[in-house]
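Residue numbers (our numbering), protein chains in the order written: chain A, 1 to 208; chain B, 209 to 561; chain C, 562 to 893.
Simulated from the structure, these hints should not be mistaken for laboratory data. Honestly, I wouldn't trust all of these hints.
To be verified - Quick look at which bits of chain C chain B covers, simulated, 3 or more residues with Cβ under 8 Å:
(1) 635-644
(2) 652-659
Claimed, not checked - Keeping only pairs whose Cα atoms sit at most 20 Å apart, straight-line, the calculated PhoX-like set for lysine-lysine is:
(3) C/K701 to B/K485
(4) B/K485 to C/K697
(5) C/K807 to B/K542
(6) A/K143 to B/K329
(7) A/K59 to A/K190
(8) C/K714 to C/K690
(9) A/K193 to A/K56
(10) A/K190 to C/K801
(11) C/K690 to C/K701
(12) C/K624 to C/K603
(13) B/K485 to C/K690
(14) C/K593 to C/K714
(15) C/K714 to C/K624
(16) A/K190 to A/K56
(17) A/K59 to A/K193
(18) C/K603 to B/K518
(19) B/K288 to A/K35
(20) C/K707 to C/K690
(21) C/K707 to C/K697
Glycine included, every Cβ here is placed at the ideal spot set by N, Cα and C.
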Amino acid sequence: MWRVIHQYMDTMNGPTDFMEDPVNPITGTRFENAKSTKMVHITEFTADLIRHNKLKLDKSRNDNLVVTFHDSCNPSRGMGLLDEPRYVIQNTCNHFYEMPPNTIREQTFCCGSGSGLNAGENLELRFRGGLPRANAVRHVHEKHGVNMLACVCAIDRAALPPLMEYWVPGVDVTGVHELVGNALVLDGEKERKTDLRGEPLPGMEEEE
Amino acid sequence: MNVWMSLIVSLIAIGAVVVVGAIGGLVPALHPVFGVVIPYAALAVFILGFIWRVLRWAKSPVPFPIATTAGQQKSLPWIKQDKLENPSTRWQVVDRMILEIVLFRSLFRNTRMELYKENGKLTYGWQLWLWAFALAFHYSFLVVVLRHLRFFLDPIPLPVTLLESVDGFLQVGLPSVMISGFVLLGAVGYLLVRRLYVPFMRYISLPSDYFPLFLIASIAATGILMRYVVRVDVVGVRELTLGIATLNPVVPDGINFLFYIHLFLVCVLLAYFPFSKLMHLGGIFMSPTRNLRGNSREFRHVNPWNYPVKTHTYDEYEEEFRDRMIEAGLPVEKQPAESGSATDTESAEDSAE
Amino acid sequence: MADEVPNPQEMINIDHRPPATGWMDTPTVLRKGIYCYAGNPKSLEYVGLPNPRQWHPEDDDWKLPENWVEIVLDGLRDRLDRFRSLKIFMDICVRCGACADKCHYFIGSGDPKNMPVLRAELLRSVYRKDYSLAGKILGKTVGARKLTYQVLKEWWYYFFQCSECRRCSVFCPYGIDTAEITILARELMNLLGLNIDWIATPVANCYRTGNHLGIQPHAYVDMLDFFCDEIEDVTGVRPKPTFNRKGAEILFITPSGDVFADPGTYTAMGYLILFHYLEQMGLDITWSTYASEGGNFGFFTSHEMMKRLNAPRPSAWGSSGSWAANAATCGG
Chain A
1 MWRVIHQYMD TMNGPTDFME DPVNPITGTR FENAKSTKMV HITEFTADLI
51 RHNKLKLDKS RNDNLVVTFH DSCNPSRGMG LLDEPRYVIQ NTCNHFYEMP
101 PNTIREQTFC CGSGSGLNAG ENLELRFRGG LPRANAVRHV HEKHGVNMLA
151 CVCAIDRAAL PPLMEYWVPG VDVTGVHELV GNALVLDGEK ERKTDLRGEP
201 LPGMEEEE
Chain B
209 MNVWMSLIVS LIAIGAVVVV GAIGGLVPAL HPVFGVVIPY AALAVFILGF
259 IWRVLRWAKS PVPFPIATTA GQQKSLPWIK QDKLENPSTR WQVVDRMILE
309 IVLFRSLFRN TRMELYKENG KLTYGWQLWL WAFALAFHYS FLVVVLRHLR
359 FFLDPIPLPV TLLESVDGFL QVGLPSVMIS GFVLLGAVGY LLVRRLYVPF
409 MRYISLPSDY FPLFLIASIA ATGILMRYVV RVDVVGVREL TLGIATLNPV
459 VPDGINFLFY IHLFLVCVLL AYFPFSKLMH LGGIFMSPTR NLRGNSREFR
509 HVNPWNYPVK THTYDEYEEE FRDRMIEAGL PVEKQPAESG SATDTESAED
559 SAE
Chain C
562 MADEVPNPQE MINIDHRPPA TGWMDTPTVL RKGIYCYAGN PKSLEYVGLP
612 NPRQWHPEDD DWKLPENWVE IVLDGLRDRL DRFRSLKIFM DICVRCGACA
662 DKCHYFIGSG DPKNMPVLRA ELLRSVYRKD YSLAGKILGK TVGARKLTYQ
712 VLKEWWYYFF QCSECRRCSV FCPYGIDTAE ITILARELMN LLGLNIDWIA
762 TPVANCYRTG NHLGIQPHAY VDMLDFFCDE IEDVTGVRPK PTFNRKGAEI
812 LFITPSGDVF ADPGTYTAMG YLILFHYLEQ MGLDITWSTY ASEGGNFGFF
862 TSHEMMKRLN APRPSAWGSS GSWAANAATC GG
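Using the sequences and the hints, build the whole thing.
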């Protein structure tokens, strides 16, 4: 719904003068671009933290993943959120490959299930509509061994796994902040043996 | 309507226009009508129609800032914004619009999808032909129109003469060949062939897509004929056109009927323009996905018809879920005792306390 | 369901050549596997959407109000007056075809009515019939046609085969945005109670519980608690999220899909870990059970429904945050 937040929300429900301008309390960064709606995208927030060296990240924990990034349609064409999620991904994992240029950023392809078409009875439509996206993933899967498709949209996380299973078996789907959660080194944490999915971390396979 | 019907309908229409124009040229008694009355009427329809159309668009507001963002947004200071594709200031919008209108930026992106069924792969190759020919078409048309100012202005302004010498720089033939007319005809030919040859183009095309192409092709063809093949009394023609321009109409004798066909075709184009897809000329300036800024979280866009709607308020929400919220340890505004929804048992317990 | 889907080898055998008959003369047949089921009448009723009833897309009779043509045409007139975008997009398309092979549904299906230009023509043809003199007189010759039952069914079928992704609008030389046309066409169809359940029911859920999946506040807390267990297992550290806490500096809103099903749940855990990490550094953040949806399926229903479902956000903020960080979904 970033289209709604970015292009509609302030018009519909604003003005939000009673609220303070959004400032990142950790870095002090003022989110000038969101000063009227007061709505900041989580990857803008996290990218800012990483840029200011506020996060202790162990990228190697995501070394089992070869990641590519799916631009969700409306964050790219109805907002322009392109480099923020990429910055977060590149700072949380070591293996990142882009899909071909005509299939990403402002030219990205839909997951095939957007705008409420994510039902069970229209799977054929979803797989047909998702073909161009899946095809581009297949390209980097075959060329670079990509096994993880990252995205910033919850509908994508519901829609893409069956699409991948159908067209490109062997590629899983993740949210950008799952990568953050795995890489982030917490104070007082124990030695992590698995990632959040319970899969062994790189080098921990034998201990399982 | 299939392609043959569409072609037949538009060809008949063009044929009719040409015949009517020819009659106007061949019957001297009709010269004042076809040389003066119809041109004035067509011009009036064009100008008033164009204004009416633009005002009709302008009457509807733009309720939401729906720019299509085709590049990186303005966000954190260290992330490079794509100011042309995702403008955040009015000047950046002006730049985007100039690129769009002058260079057809969006069409420049055009790709062609190719499906290889044997290995199931899709490719998207960069396709510049449509962009190139569209550009050639519009610019040669513009040059032709500007060159024709020599018929409406006296003395002929220097820029028009300069333009002619650039246009005729090849210096072949006598009179020297003006490239723009041929480029125009060639580009129209490409657009027509593309419409007919590419299956999906044929499928989406309407008679109202073929008709303007035939119309413009006929205008270019009759113009070229008059310049290079059939002798036309240019002095007489200029007398007539200058008369129109100076609101002092005269109808000289002895102008070839071909000129009347040419002129009538132009009149039809003018009168047809405001009621057709050709209005994209005006529409592109007002297209909300292109002429708005992408800074909609930074500055509030006001919707003139924004109206209050029925919502589910927090109080209603808490009213329905209060008990469960308390159970889950969530803070609530009202305790069950004060709320109207308290059940009898709860009230009983309360009184027991 | 899944076993009725053709296998990938069959699926890739896509024919992009249009049929021999013109598109207006090619009847639309609703095909199973392509359309979604009709909206549940209870969901429509709950939020007061018109004409709640049981109906099936393949039924001949869609149980429409008697004056449905009038409702649609009045609705169209009203929207032409309120949206300049619609007026301009109805008027200036030159059918250059640049958009045709940009649509993922056309690429994947080969169905010519999935080309953005034709999808828009489905509505444009009716617009021409009723709003242009040429259309009234010349009809089909200028691409105009009457709004019939068959046309309405075609609308429903194809405007629920557009995901409002706007890819075509990037390539259109005039910026014509099919998403805008689909949004308004769906809005018109909703006036007659023509919706799909995968939108209508999340809308009703969201109105009631604050999220599409209908997760009630206590369940929402439970789910996040479960994630905290999982995180503790993996890291040995337990995040302590707060909910509906007044005076928090930041309100965090995420789509309910991420608290409900894998793999989104792992992303939700990622947020919990990040916020826990930052809380040590002074971050003051809370979650809301009332504004517990990052998406907005109202957007796929009507502009009004979008506004109604968006309302909890600023309201939840008013009481608990000075600004909001949001994860959210794509379009709506």
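Item to check | Pairwise hint evaluation, C/K603 against C/K624, where the allowed Cα distance is 20 Å at most | outcome: 16 Å, holds
Next on the checklist: Need the status of pair C/K707, C/K697: alpha-carbon distance at most 20 Å?
Outcome noted: 9 Å, holds
Checklist entry - Hey, A/K190 versus A/K56, does the alpha-carbon distance stay inside 20 Å? => result Holds. A/K190 to A/K56 sits at ~15 Å (cutoff 20 Å).
Item to check | Pair hint A/K190 and C/K801, alpha-carbon separation not exceeding 20 Å | outcome: Within the cut-off at roughly 17 Å; holds.
Checklist entry - Within 20 Å, alpha carbon to alpha carbon, are B/K485 and C/K697? => result Given pair B/K485, C/K697 holds - Cα atoms ~16 Å apart, limit 20 Å.
Next on the checklist: Checking one constraint from the list: CA of C/K714 to CA of C/K624, max 20 Å. Satisfied?
Outcome noted: 12 Å, holds
Next on the checklist: Tell me whether the statement that chain B covers the stretch 635-644 of chain C is true, taking a Cβ distance below 8 Å and needing three residues at minimum.
Outcome noted: Held - the stretch 635-644 of chain C has 4 residues with a Cβ nearer than 8 Å to chain B, which meets the minimum of three.
Next on the checklist: Against the 20 Å threshold, does the CA-CA distance of C/K593 and C/K714 hold or violate the hint?
Outcome noted: Within the cut-off at roughly 14 Å; holds.
Item to check | 20 Å limit on alpha-carbon distance, applied to hinted pair C/K707 and C/K690 | outcome: 6 Å, holds
Checklist entry - Are the Cα positions of A/K193 and A/K56 separated by 20 Å at most? => result 18 Å, holds
Item to check | Agreement of C/K603 and B/K518 with the hint, judged by alpha carbon distance not exceeding 20 Å | outcome: 18 Å, holds
Checklist entry - Are A/K59 and A/K190 close enough, with their CA atoms no more than 20 Å apart? => result 17 Å, holds
The structure agrees with every numbered hint stated previously.
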